[in-house]
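**Q** Residue-level listing of the chains:
There are 2 protein chains.
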Amino acid sequence: MTMNRQLLMLPGPTPLPARVMQAMAAPLMNHRSQDWSELYWEIEKGAKWAHQTQHDILMVAGAGTYGMEAAIANTLSPGDKVLALSMGYFGTRFGTIAERYGMEVDRLTYAQGQVINLADVAAKLEADTARQIKAVLVTHNETSTGTLNDLKGIADLVHAHGALILVDGISSVLTAPCPTDDWHIDILISASQKSYMAPPGLAFVSVSPKAWEAYAQSKLPRYALDFEILKDFANRGHNPWTPSMPVYYALKESMQMLQAEGYVQVIARHEHMMRAVRAGAQALGFRPLVQDEANASRCVTTLYPPEGMDAEAIRMHLLNTYNVMIAGGQGDLMGKIVRIGHLGYQSMAEIYGTLSCLEKTVQELGHVITPGAAVAAALAL
Amino acid sequence: MTMNRQLLMLPGPTPLPARVMQAMAAPLMNHRSQDWSELYWEIEKGAKWAHQTQHDILMVAGAGTYGMEAAIANTLSPGDKVLALSMGYFGTRFGTIAERYGMEVDRLTYAQGQVINLADVAAKLEADTARQIKAVLVTHNETSTGTLNDLKGIADLVHAHGALILVDGISSVLTAPCPTDDWHIDILISASQKSYMAPPGLAFVSVSPKAWEAYAQSKLPRYALDFEILKDFANRGHNPWTPSMPVYYALKESMQMLQAEGYVQVIARHEHMMRAVRAGAQALGFRPLVQDEANASRCVTTLYPPEGMDAEAIRMHLLNTYNVMIAGGQGDLMGKIVRIGHLGYQSMAEIYGTLSCLEKTVQELGHVITPGAAVAAALAL
Chain A
3 MTMNRQLLML
13 PGPTPLPARV
23 MQAMAAPLMN
33 HRSQDWSELY
43 WEIEKGAKWA
53 HQTQHDILMV
63 AGAGTYGMEA
73 AIANTLSPGD
83 KVLALSMGYF
93 GTRFGTIAER
103 YGMEVDRLTY
113 AQGQVINLAD
123 VAAKLEADTA
133 RQIKAVLVTH
143 NETSTGTLND
153 LKGIADLVHA
163 HGALILVDGI
173 SSVLTAPCPT
183 DDWHIDILIS
193 ASQKSYMAPP
203 GLAFVSVSPK
213 AWEAYAQSKL
223 PRYALDFEIL
233 KDFANRGHNP
243 WTPSMPVYYA
253 LKESMQMLQA
263 EGYVQVIARH
273 EHMMRAVRAG
283 AQALGFRPLV
293 QDEANASRCV
303 TTLYPPEGMD
313 AEAIRMHLLN
323 TYNVMIAGGQ
333 GDLMGKIVRI
343 GHLGYQSMAE
353 IYGTLSCLEK
363 TVQELGHVIT
373 PGAAVAAALA
383 L
Chain B
3 MTMNRQLLML
13 PGPTPLPARV
23 MQAMAAPLMN
33 HRSQDWSELY
43 WEIEKGAKWA
53 HQTQHDILMV
63 AGAGTYGMEA
73 AIANTLSPGD
83 KVLALSMGYF
93 GTRFGTIAER
103 YGMEVDRLTY
113 AQGQVINLAD
123 VAAKLEADTA
133 RQIKAVLVTH
143 NETSTGTLND
153 LKGIADLVHA
163 HGALILVDGI
173 SSVLTAPCPT
183 DDWHIDILIS
193 ASQKSYMAPP
203 GLAFVSVSPK
213 AWEAYAQSKL
223 PRYALDFEIL
233 KDFANRGHNP
243 WTPSMPVYYA
253 LKESMQMLQA
263 EGYVQVIARH
273 EHMMRAVRAG
283 AQALGFRPLV
293 QDEANASRCV
303 TTLYPPEGMD
313 AEAIRMHLLN
323 TYNVMIAGGQ
333 GDLMGKIVRI
343 GHLGYQSMAE
353 IYGTLSCLEK
363 TVQELGHVIT
373 PGAAVAAALA
383 L
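Here the protein sequences come in this chain order: A and B. Residues in the first sequence are numbered from 3 upward in steps of one, following my numbering. Residues in the second sequence are numbered from 3 upward in steps of one, following my numbering.
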């Protein structure tokens, strides 16, 4: 039943379109040439479209985590008060980076599967009458738990207070609406290996005018991630260091595909995949970690296994027998849940295929199901 | 005379072998899988071979500059005294990063084309009787000027003094001998897009036991570049962030090729290319910026144009008429010199071809030469 064709159903890295993969198999080029500047500006334009921003987009080589670090290191100073909202692994990481940079971090932490409660945020901000909170850190979509926050609600509260809002949008950009400028997001971070359908290696960081004002006050050491250095080179369509050309070649293709598909359509595709996975998995007896579909991640669905079944046994059987790679739990949820990614270059055909293999898997592991139940539920949407 | 096949004669990025380019056109994979760990360890082993070290090799996503920043941010603290040796653009950058991180930086700066004078270094270190200099920053090979330092001589002096020696080996590793452990180099940085014949995107940082001791004392903020976090994940063959798989796929192929060629042979190849370019260019009336061949970079040759000729006119004619891309000067040398790279996946055939096109170029720009002079000089070696 197994062949060497693995279906990657992870919340990143994602399957890549053939033209994106092929684009990488090209000679490198001079990154101090006019040709490079033109490619750079095309990618910058695509990222502005994805972020829905007219403000600056800076490109940080490395990974999404580097973008989160850049956001903190460029806008804050040691001793600054920061409110970190966390519902899982990546939210916790965002707060940890701030702590390591010497911020005084107040954390609002939610149980896994829960989203940020707006009333709690409002209370924290209202209590800060001296306006000492300099920034609020938010994970828009938490991939470890499969939760999607009401970012607009949070952003409105922060905007009214006056603090900066720094948003990890790594797994949310292009899977859920996140109009940077309309929602007054000061910094939004996205990364090439998520909905962009490209390989890892590059993070995009959008910087609002207010974030630039904060930059001018910030007293933290940085060089490769420094906004002003990045901006200075970006003005010429260059990077301050040697950029990874293949990642740009890939993004050129995938951004063309995404823009041809359309912003609203890309987001609708992810929402449809999420609904299909939830419906199909529930028909097999899986229980979503996130109860309310409105709070469910558009890029990854987190599921408790059917009663009496082992999450890791399901995951390994699906991989070893059907070559479908889904993710396991992270942190406290390790071994307790499975996570099915539906992100990037995925079509409904892969979703139905995954649900079918999942059905066979639970059946082969002894669970009684109605044949075809998973796909039937998904198709009924 | 021109076709769409550009010869990239830069000091990085370099031409890539076909199998390296093709390796990138592959599906992404789960970076939390055993398969990834095996690939990670294979690349780690290749980098240890290139660095000639038994100590730790950490992998820093981004670019060589990130590796330089990691070296400083992980071993030093604000106020530490640092001796920065500079003979050009990249040496200056190394010192600048240290300044931005709050070090008290004493610079020994040399005219472009000169190498570091060991007597000056000895004098600086001898004068430091209180042993306040915590680290010495060295660029092994300065690509902006085409100079190669006597790294062993410098390292011996620093070792006797007791300071750390942090070495930018980005363009020197595998082009000139740099046995990390034998020479007591505490941190050596290399990068994927130079002699490794792979795309940009990854830096290698080797860390000596003494550098780990310094890490324990260091008080600087960092997260994505933190040695302990990197090492903790590396123990499992993982990265703390999502790695750029295509860069690893490429390195797997190119490191196999390089190891099959042999350490001594790879270095000898670069030295031979350097000698051929110097000889050929001099036969056309170019004057090397670096007088003594012993001090000449093994990866890039810097040349003043023949008397009365314009460096940029030569460079642009070579590019526009023969599609051979060489580099121009950087900083103060902009417009004054040309730089011919001979690095990575280059064979003597490309060197002879470049010299031949260079000969035609200067002839077509009005310079009188003996036909075949450039290649004849190179072939005579």
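Keep in mind that the hints are not guaranteed to be accurate.
With a cut-off of at most 20 Å between alpha-carbon atoms, the simulated DMTMM-like pairs for lysine to aspartate or glutamate come out as follows [said to hold, decoys possible]:
{"id": "1", "chain 1": "A", "residue 1": "362", "chain 2": "A", "residue 2": "312"}
{"id": "2", "chain 1": "B", "residue 1": "221", "chain 2": "A", "residue 2": "101"}
{"id": "3", "chain 1": "B", "residue 1": "154", "chain 2": "B", "residue 2": "255"}
{"id": "4", "chain 1": "B", "residue 1": "47", "chain 2": "B", "residue 2": "255"}
{"id": "5", "chain 1": "A", "residue 1": "154", "chain 2": "A", "residue 2": "183"}
{"id": "6", "chain 1": "B", "residue 1": "254", "chain 2": "B", "residue 2": "37"}
{"id": "7", "chain 1": "A", "residue 1": "221", "chain 2": "B", "residue 2": "101"}
{"id": "8", "chain 1": "A", "residue 1": "83", "chain 2": "A", "residue 2": "128"}
{"id": "9", "chain 1": "B", "residue 1": "221", "chain 2": "A", "residue 2": "128"}
{"id": "10", "chain 1": "A", "residue 1": "221", "chain 2": "B", "residue 2": "106"}
{"id": "11", "chain 1": "A", "residue 1": "126", "chain 2": "A", "residue 2": "106"}
{"id": "12", "chain 1": "B", "residue 1": "254", "chain 2": "B", "residue 2": "273"}
None of these hints come from the bench; they were simulated from the model. These figures come from a predicted structure and were not determined experimentally.
**Q** Please write out, lowest number first, the hints stated earlier that are contradicted by the structure.
**A** 3, 9, 12
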